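Colleague: One-letter residues, chain by chain:
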Amino acid sequence: MPFFSLTQVSRITGGQLSGDPEIRVRGVAPLDTAGPEELSLVAGHRYLSYVHATKAAAVLVSESLSREVPGAVARVVVPDPHVALTQLLPVLYPEPKVEPSVHPTAVLEGGVVLGNRVAIGAYTVVEEGSHLGDDVRIGAHVMISRGCEVGSATVIHPHVTLYPGVRIGARCLVRSGARLGSDGFGHAWMDGQHRKIPQVGGCVIEDDVEIGANTTIDRGSIGDTTVGRGTKIDNLVQIGHNCRLGRHVIIVSQVGISGSTTIDDGAVIGGQVGIVGHITVGAGAKVGAQAGVIGDVAPGSTVSGYPARPHKEAMRASAALQRLPGLMERIGRIERAVFPNKTP
Amino acid sequence: MPFFSLTQVSRITGGQLSGDPEIRVRGVAPLDTAGPEELSLVAGHRYLSYVHATKAAAVLVSESLSREVPGAVARVVVPDPHVALTQLLPVLYPEPKVEPSVHPTAVLEGGVVLGNRVAIGAYTVVEEGSHLGDDVRIGAHVMISRGCEVGSATVIHPHVTLYPGVRIGARCLVRSGARLGSDGFGHAWMDGQHRKIPQVGGCVIEDDVEIGANTTIDRGSIGDTTVGRGTKIDNLVQIGHNCRLGRHVIIVSQVGISGSTTIDDGAVIGGQVGIVGHITVGAGAKVGAQAGVIGDVAPGSTVSGYPARPHKEAMRASAALQRLPGLMERIGRIERAVFPNKTP
Amino acid sequence: MPFFSLTQVSRITGGQLSGDPEIRVRGVAPLDTAGPEELSLVAGHRYLSYVHATKAAAVLVSESLSREVPGAVARVVVPDPHVALTQLLPVLYPEPKVEPSVHPTAVLEGGVVLGNRVAIGAYTVVEEGSHLGDDVRIGAHVMISRGCEVGSATVIHPHVTLYPGVRIGARCLVRSGARLGSDGFGHAWMDGQHRKIPQVGGCVIEDDVEIGANTTIDRGSIGDTTVGRGTKIDNLVQIGHNCRLGRHVIIVSQVGISGSTTIDDGAVIGGQVGIVGHITVGAGAKVGAQAGVIGDVAPGSTVSGYPARPHKEAMRASAALQRLPGLMERIGRIERAVFPNKTP
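Chains as they are written, first to last, in my numbering: chain A, 167 to 510; chain B, 167 to 510; chain C, 167 to 510.
Some hints could be false.
In the DSBU-like style, the derived pairs of lysine-lysine whose C-alpha atoms are separated by at most 30 Å in a straight line are [stated by the list, open to error]:
{"#": "1", "chain 1": "C", "residue 1": "K508", "chain 2": "B", "residue 2": "K508"}
{"#": "2", "chain 1": "B", "residue 1": "K221", "chain 2": "A", "residue 2": "K362"}
{"#": "3", "chain 1": "B", "residue 1": "K478", "chain 2": "B", "residue 2": "K452"}
{"#": "4", "chain 1": "C", "residue 1": "K221", "chain 2": "B", "residue 2": "K362"}
{"#": "5", "chain 1": "B", "residue 1": "K452", "chain 2": "A", "residue 2": "K362"}
{"#": "6", "chain 1": "C", "residue 1": "K452", "chain 2": "B", "residue 2": "K362"}
{"#": "7", "chain 1": "C", "residue 1": "K478", "chain 2": "B", "residue 2": "K478"}
{"#": "8", "chain 1": "C", "residue 1": "K362", "chain 2": "B", "residue 2": "K362"}
{"#": "9", "chain 1": "C", "residue 1": "K478", "chain 2": "A", "residue 2": "K478"}
{"#": "10", "chain 1": "A", "residue 1": "K478", "chain 2": "C", "residue 2": "K452"}
{"#": "11", "chain 1": "A", "residue 1": "K221", "chain 2": "C", "residue 2": "K362"}
{"#": "12", "chain 1": "A", "residue 1": "K452", "chain 2": "C", "residue 2": "K362"}
{"#": "13", "chain 1": "A", "residue 1": "K478", "chain 2": "A", "residue 2": "K452"}
{"#": "14", "chain 1": "C", "residue 1": "K452", "chain 2": "C", "residue 2": "K478"}
These stretches of chain C come out as covered by chain A in the derived footprint (C-beta under 8 Å, 3 or more residues) [stated by the list, open to error]:
{"#": "15", "segment": "167 to 180"}
{"#": "16", "segment": "200 to 212"}
{"#": "17", "segment": "465 to 477"}
Note that these hints are calculated values from the structure, not bench results.
Here the structure is a predicted model, which means the values were calculated and not measured.
Don't be surprised by glycine CBs; every beta carbon is placed ideally from N, CA and C.
Throw the hints in and build the complete structure from the sequences for me.
Modeller: Here is the structure:
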């Protein structure tokens with residue numbers, strides 16, 4: 167790993183250097199584990215207490231936090247340290263080149279169309295009629311069922327399953343173990359048993375979408391399940407049949423969304439949230455971690471708790487709940503004063 | 167995809183046609199996305215508002231809802247539109263024929279017994295002594311460990327793992343990434359560390375069971391984990407060791423059931439529910455989404471919340487909680503009136 | 167399966183025999199399903215009611231519970247029946263010998279180093295530069311990406327993915343479908359979209375760790391995600407980037423831990439718990455199932471509920487909540503008495 171001077175770091179990030187420009191780093195690490203050849207970052211107030219003891223050669227820090235960092239600490243002041251990381255890390259840690267090639271053990275059935283510079287890993291299976299765009303990179307042990315489409319420069323990690331007819335846009339990232347287009351969970355009670363309703367809809371993922379490890383996105387029952395452009399989905403998430411996710415939505419780990427629910431553009435859904443079916447979470451809404459959403463959420467609002475309601479109300483109710491045992495004693499005292507002759 | 171007339175639709179579903187019998191459809195889609203060559207359905211009151219604007223050629227609708235659908239809309243009136251879908255979709259969307267064959271890359275170890283017309287996908291491994299019944303269809307990349315049994319006409323999707331000795335009945339469906347018969351989570355504290363208790367029980371799945379993508383069902387520690395006939399399990403569910411699930415149980419996505427718990431026939435467990443170990447959820451009980459069940463649930467009852475309790479109580483308590491901050495102010499006013507000389 | 171006399175059972179477990187020493191067993195089963203050739207155990211008071219009807223040949227039982235078991239029941243009295251199982255089950259159910267061999271279909275890239283007696287299953291891929299220690303056993307369809315290290319005697323089940331550079335210690339067990347070292351979920355908002363922050367840290371698993379089926383452990387963004395020696399993680403758990411788990415921690419199924427959180431030695435995290443990022447759960451702390459932890463947890467404390475707080479407080483508040491509707495009626499009565507002229 168080559169060294170970079172702080173001058174180079176400030177040039178790459180567009181930041182302002184304060185300290186010895188000849189200081190050289192060759193990696194980035196958290197404040198408490200960084201060594202003298204590493205750069206670190208101050209990501210928030212919480213981390214200021216680590217700055218004094220850090221062995222890091224220098225830090226990335228925002229202008230407002232920079233004032234609270236001791237003067238002796240070399241630094242590159244940037245508008246947003248996380249944005250700076252997106253610029254810096256690809257330079258300090260260049261990804262190994264993947265030679266575009268199809269592993270000899272890959273199984274490509276008839277009618278498969280490959281773009282230019284496609285890489286396909288060992289033991290991957292691409293069934294008949296699937297199309298992979300230019301610069302697509304498919305890992306090992308991936309199953310691409312018949313009639314799928316994968317857009318250019320999309321990366322699919324090992325052990326992913328695309329069910330038949332799944333369509334993925336360009337520049338997407340699908341992490342290991344994700345299952346796209348699996349049958350939804352729909353049954354009708356007939357003749358004394360639950361009978362499966364055939365799931366004949368599709369699963370459509372637009373451009374620039376990220377899908378987490380072991381996440382499952384069901385195909386539509388009739389009509390499609392859709393994920394809008396730029397939406398990012400974390401690990402172990404469940405998206406039910408016929409859900410429609412808008413653009414630039416964030417879905418944190420272990421969220422479950424029941425069938426036919428719409429999540430509008432820019433909404434942020436916290437970890438382990440559950441959302442019932444057939445509702446709409448409005449554009450830009452924020453749903454707090456572990457909330458249980460059982461009705462529509464207004465655009466731009468912030469909700470939490472179970473059942474989910476405006477976050478401030480939920481917090482107030484939660485705080486009041488803690489005081490409830492004491493409240494009961496107070497009410498007992500009042501009753502004894504007001505109804506002195508009453509047997510409790 | 168061929169066309170079907172409404173006359174054919176009404177014959178297939180046993181429904182009553184109202185409108186031009188010559189109208190032809192070749193697919194089914196939701197009201198808001200259906201085109202003029204597609205049939206749709208009115209699945210509940212919530213969807214009535216979409217009927218006016220739909221471009222669908224006709225709708226499936228129940229008798230009671232049909233009265234609220236404008237007279238101009240062609241329709242087939244059926245007792246239950248979802249039941250009608252189970253009849254109609256296999257005709258409109260016939261599944262592609264899978265030729266029964268064993269892919270040349272599949273590894274079949276010694277002593278494997280295959281029934282008639284078995285299909286096995288690329289790179290699937292079937293270890294020694296496993297038995298697959300007639301018409302079994304196994305996808306690609308499946309691992310069937312030694313000594314498993316798979317009943318006739320059962321379908322196993324890609325990337326499923328059956329651990330040693332798992333027994334699956336007939337006509338089951340196991341979706342991609344499910345892990346059946348994995349070691350349960352059992353330890354004893356010995357010599358300053360958690361030591362694994364060997365998990366030597368089995369995992370037995372009866373007929374007509376459906377298991378969701380990336381769901382995990384642990385084998386018994388001693389004795390078996392069992393799933394009864396006709397039970398349907400959604401994606402990302404965890405079933406602990408020695409659980410006993412009855413018949414026709416519904417388990418929605420992301421449910422977790424701890425070890426040695428019994429779920430009796432016909433119970434319905436909502437999404438993200440957690441159930442502690444060593445208890446019983448009675449026959450026909452309903453557990454609301456996200457509930458935390460920490461004790462036995464009576465047969466036929468409906469519970470919700472954490473800790474789970476009768477649903478009506480939980481709703482009433484939840485509503486009261488919202489009024490709690492206001493209640494506190496009222497109590498303050500009372501106290502000032504009743505104890506005027508008391509310092510607050 | 168050979169038979170063992172109760173004399174042998176008591177010798178293996180170091181227990182005290184009470185009953186006919188010639189009784190022979192050849193398996194262990196729960197009280198209610200055990201047959202006359204099987205041993206069972208009384209694992210707690212809850213199971214005493216099953217002892218009268220059991221057909222088991224004998225039981226393992228602790229000294230304190232033994233007094234409540236009818237005298238006619240043959241038994242081996244041990245300090246802890248679960249510890250006894252760890253001694254007894256490997257003898258009664260010996261694991262089939264796995265001949266150390268590399269399956270001819272396994273793909274081993276250049277620079278892979280294998281220790282002695284390594285077993286590698288069918289279709290497993292080991293990328294360049296990975297090192298596997300002595301007695302390592304890798305199942306079928308496993309993906310070990312470039313530059314990984316797997317310590318001696320570690321067992322990896324089918325369909326596991328190790329992302330590049332993952333380091334696993336000795337004697338670990340990784341169950342099917344686990345994803346170790348996947349990219350963490352980190353984005354910066356730039357140019358009107360969420361842009362992925364490269365995840366360049368590592369994923370380090372120490373000795374004697376157990377990782378459940380379909381669990382995901384993300385690599386660090388910068389710096390490492392670490393799991394300490396002897397820690398046991400159940401199925402379908404999510405561990406975010408840069409988490410630091412201490413030693414001998416227990417993480418039950420479906421827990422989600424957000425990025426940069428520390429779980430100290432010996433903590434026990436119940437099923438479906440959610441823990442926010444950037445906090446510390448102290449050594450030996452216990453977090454009740456389904457809790458939502460939004461701040462530091464003191465060492466040795468027990469917390470539950472959402473937001474998580476000391477368990478006794480949470481239980482008291484929860485109990486009070488149930489009485490709240492009745493409380494409201496009492497307050498109404500008081501108000502009518504204290505403010506008789508006020509319109510409600």
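Colleague: So which of those numbered hints doesn't the model satisfy?
Modeller: 8, 15 and 16
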